[in-house]
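Asks: Take a look at the letters that make up each chain.
Number of protein chains: 2
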Amino acid sequence: MSESELSVPAVPNARDAVRALRPSLIREVANAGFGVDDVLPFWFGESDRVTPAFIRDAASAALSAGATFYTHNLGIAPLRAALASYVSELHGSTSPDQIAVTSAGVNALMLAAQLVVGAGDRVVAVTPLWPNLVEIPKILGAHVETVALGYGEHGWQLDLDQLLAALTPDTTMLMINSPNNPTGWVMSRDEQRAVLAHCRRHGIWIVADEVYERLYYEDGDGPARTAPSFLDLAARDERVICVNSFSKAWLMTGWRLGWIVAPTALMDDLSKLVEYNTSCAPAFVQQAGIAAVEQGEAFTRDLVRDLKASRDHLVKALASVPGIDVKAPPGAMYLFFSMPGATRSLELCKAMVREVGLGVAPGSAFGPQGEGFVRWCYACDTARLDAGVERLKRFLALHGK
Amino acid sequence: MSESELSVPAVPNARDAVRALRPSLIREVANAGFGVDDVLPFWFGESDRVTPAFIRDAASAALSAGATFYTHNLGIAPLRAALASYVSELHGSTSPDQIAVTSAGVNALMLAAQLVVGAGDRVVAVTPLWPNLVEIPKILGAHVETVALGYGEHGWQLDLDQLLAALTPDTTMLMINSPNNPTGWVMSRDEQRAVLAHCRRHGIWIVADEVYERLYYEDGDGPARTAPSFLDLAARDERVICVNSFSKAWLMTGWRLGWIVAPTALMDDLSKLVEYNTSCAPAFVQQAGIAAVEQGEAFTRDLVRDLKASRDHLVKALASVPGIDVKAPPGAMYLFFSMPGATRSLELCKAMVREVGLGVAPGSAFGPQGEGFVRWCYACDTARLDAGVERLKRFLALHGK
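Going down the list, the protein sequences come from chains A and B.
As numbered in my numbering, the first sequence has no gaps in its residue numbers, which increase by one up to the final residue, 401.
As numbered in my numbering, the second sequence has no gaps in its residue numbers, which increase by one up to the final residue, 401.
Calculated from the structure, these hints are not laboratory results.
Glycine is no exception: its CB is placed at the ideal position from the N, C-alpha and C atoms.
Facing chain A, a subset of chain B residues (Cβ under 10 Å, in silico):
(1) N13
(2) F44
(3) S47
(4) S60
(5) A65
(6) L109
(7) L257
(8) Y276
Kindly produce the complete structure, drawing on both the sequences and the hints.
Replies: Laid out in structure tokens, this is it:
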């Protein structure tokens, strides 16, 4: 039989599970803006400010000093120690051998998923949600059930009974992101307590994505330093894996550095998975991470103060626009609000970028439960927010709204 | 039913497939050396020289300029363009939309595996082999068959018929690393041609790990610039995914930067997988990658000349030791040789580090087919190699060999 007698697919394809993964609808909107001269981008989850100089300088100093070699899979010892101190101060005693350094927060989520879920496993996620948490388990062959937050008088709220009912005994893992991207919803301490008790009862893993924990705007006696965390409630040796990142609290999105807090008993297996995914985070990036954790507290506090001011400014400006329903959420760095036309949010966002150069993210990018809303990242100065609101008003006027 | 009535495992475990992954035996040897004051480490696949200054400076300049934001999932356009030019010059016309930048070579292998294999799929790998290639598909639930190289008069050789027989029609993916870690074996052009024709016939994906392609010491008319590559033979739109890295040719191990050459038709799906694994490589690391590719050719040529001299020096020194059988392999940066006691290579290597401070890697770290050998990375100056050989002789003398 000659080679020519056999038919080979002309164009090779990825496997079906990968082809079925959702592409980024934010990128689809951004693509619609190609060729538009003057776009104001509020669509990505990223500040418009560069990483603070003291962190960049620490990386450059490490490069000069020759920190260009492989490191331990779980991270360099001084960074694990610095993170253990940081986490201990915020959430109670945590040791360096409960910390793993990762190549980004999303990489930490992938590692956590690889640790505990395989083909056929059942995963539950609370939505609307940054799509990565829902898609990652599917790469491993798991299936993901979603429980939707509800939107009402008090903003976004969890129906706790609905979540507990979804957490059936055959569930392997709950993925929960609080403060939440895109809604800004923050899970309460009582809700966390109930979920933890339920998951303990059934042996369900909790993977908590807490990368926005410092971007929390509620205050009791004084400004809270973090949102409620599962680390405040859980023992360090139970089925709770907390994921964090340097991206938000220290404006280090482009550095791809994160960490995991997990039981010491998991660390040997986690170390193997790090080896087989990225082997380690870059050596000089880890050195910069030490500077962020050890010298960055004043910076983070100022950042949170600025973000709160931006949030309040944008809520006020948008609330004055007829047809927009917006509430100030307690955490993260987004407003997730309804507006005329948002029931087809992808088409709306494409039209806004094309017609008035306003770049916001469609709610449907965060799952079907996000349809009817748009996400606006307010991590910038108020003048830029005002310019954006003017464009939004112009768009609505153009369409007779 | 109260909570106390239910039994919850005291210590949480990773899933079975992850617990079954092989830990690094090199690390086990290194751990045996803790407390030994003066270890000469030849066990890792890493030069003892820092990354060249012009590359470190490019990263620092990018940090100063504020390159601290997210980038495109597939890499910044100038790096993809620079890599396309580089690959085109070495292996024939390749366009930027056939290039994906990754967070290390091992990350590229993980992404390639995620693209094409899932639970239950059959994967074939040629061994002895860096364990990562064999373990990665297992994380995705695939099973891996191995085909062993043979060691004989001419060093390490492939039994081509045996490999083709293992590549049954129900095989999804072949993983092949040439130049090979640990043996230094290089697949010949004719072998590549036969394997490619066979895999075309059966629709089998070839994932070629070619990170050592520049570390190739054969010369015809003049020094060859690379080992034979599947990219020399394959069209750019067929089932061939070539993985490469900045680690070896530019001494950038600690940077975690790599790339993939793959069909354009796969890039949308690959982009999603990058998003869900690390989202992108760090922005300033990618800028340094441009400097390496565009300004690094003279450096790489000098490096390869130095490595060849080190290889020849170490082969000569070891060949004079009674009981050692060593041949100069055509590629990579290792000697993989037999010596007295190597039939239990893990125990042997632990004893050598403990007793004489000589750090080499056990052959069993590269699969059962590597047992009976040890791996010595010669990427250092000849004085250090001589000091290592003296220690090896001392060890053999201590044991009456």
